[in-house]
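Construct the entire structure; sequences and hints are all you get.
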Amino acid sequence: MSNLEPMIVIRNLYKSFGTIEAVNGVNLTVDRGKVVVVIGPSGSGKSTLLRCINHLEVETSGEIWIDGERLTHDQKQLNRIRADVGMVFQHFNLYPHLTVMENLTLAQQIVRGRGKAEAIEIAEQQLSRVGILGKRDRFPSQLSGGQQQRVAIARALSMKPKIMLFDEPTSALDPEMIKEVLDVMLDLVKDGITMVAVTHEMGFARRAADEIVFMDNGVIIEKANPETFFTQPQSERTRQFLSQILNK
Amino acid sequence: MAVKLTTNSAIPISLTSINRRKRLRDYPWWLAGILMLVLGTFALIVSDDNFRDAFAFIKIGLGVTISTTFTAFGIALGIGLLAGLGRISSNILIKNIATLYIELVRGIPMLVLIFFVAIVAVPGIVAGINALGELLSKSGFPVLADIFTSIQIKEVPMNFRAITALAVTYGAFLAEIFRAGIESIGKGQMEAARSQGMSNVQAMRYIILPQAIRNVLPALGNDFISMLKDSSLVSVLAVRDITQVTRLYTGQTFRYVEAYTTLAVLYLTMTVILSLMVKTIEGKLRRNEQS
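Protein chains in written order, with the numbering used here: chain E, 1 to 248; chain Z, 1 to 291.
One thing to keep in mind: the hints can contain errors.
[Said to hold, decoys possible] Cross-link-like lysine-lysine pairs, in silico, BS3-like; alpha carbons within 25 Å at most:
# : chain 1 : residue 1 : chain 2 : residue 2
1 : E       : Lys-160   : E       : Lys-116
2 : E       : Lys-160   : E       : Lys-179
3 : E       : Lys-34    : E       : Lys-223
4 : Z       : Lys-229   : Z       : Lys-59
5 : Z       : Lys-187   : E       : Lys-76
6 : E       : Lys-135   : Z       : Lys-284
7 : E       : Lys-135   : E       : Lys-179
8 : E       : Lys-76    : Z       : Lys-95
9 : Z       : Lys-22    : Z       : Lys-279
Rather than coming from a laboratory, the hints here were simulated on the basis of the structure.
Structure representation (structure tokens):
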């Protein structure tokens, strides 16, 4: 696969839950090493869109391509692709019965087939990267929210993913813990990972994004680089949303 | 009036006396009662010739009661886990088979089910195996055919049939416990596991089940206690557990009071010890959750 090929291609994506159209015809391309931040009011379909990228939600119709391969319903293919797509959740979803170290090594061993020593070595690198190596033998319940989310990021990174997906990673955190998580994310951006993040953190969006996608009612209203997006929004709906969120 | 007197009492109640009163109120008096019953009976067993004689006879059945309970519970755990997973399976056939089994068992009294499994179902299965053996011998698989035809229903011991019956019955109860345990785990856990590329089976085995089983340990313990008590039902199949041995003993000696008192206290001793163990596990789990 050539390096010019986009990492994620989404074509004509529709997803409905019963009668509710969560995603209503979305086209989006994410190039290798680029950071796309998706923003929008709650219920705009941004989380659903993100969850469709690794088939946690299966689209009603449309196509998803990851690194040149179209997602099918074949479980083996999905498991293989998901291993390459790290995901960080709003509520962390760490495995509470496992220590921090085990949270990071389990999937490496049973999905990636790495040996224990190698898995631990990679886990140690990732834990020190997010600044939490000292908690390696703790259980998730013994950590603060911010620490748990950093462990969750390290867990996703230990798989050596091609793409990182963030689903409102700071929305469940106390205000003083948001920064430590955003700093880790900015660090990843510096390293050039391909990232799609759904967030309400406009400061992060401005600093990190190559492209900002604004969604409402399941469709993309506007797509632009941060500079243009924040200073010269094209649509009335975007201006309205920005004025609400920035004047807070 | 008495209440009013104490609340309006001018005498200052010191903190230690409040604590003492609280401790007295929370004290497990019921346990002291059971302990007195048990110790009283054992005192009789030591001092009274008739009680001693009854106990010496009845205790012969303890081995059968305990081994029946453990074996049947072990098998029931396996059946229950499979049926519990079947209940939440997305495969409609598997789900319906599991639900059918659970509802069948729940709709039939345990005593009737024990008769049915031991006297109808097990012989029926053996007859089926025999018929398969006949078929195989005609189509030229002599070795397998010999094995299949040589199983005689008369040679299938009642102990084995009783264990099968208890395991089949309790499998259905345990299935519901396992199902509830699995459903108690938030769906974020499954999503996190799947997002890392784990298969459904891997996610169940490494992420969901360890947490689910931990949550249902007290419930499993309680069902183990129930099974110990329900194992007395196998006496209807003439399996020589403590209940059956007691019946045999009273048939010969007519010492009903001594024999049935001893029997009841034997069950009580075992179940109280077990339920204290379950309570300890429960307390430990709760403490771990808080930390």
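For each hint given before, does the structure comply? Return the numbers of the non-compliant ones in rising order. Structure breaks no hint.
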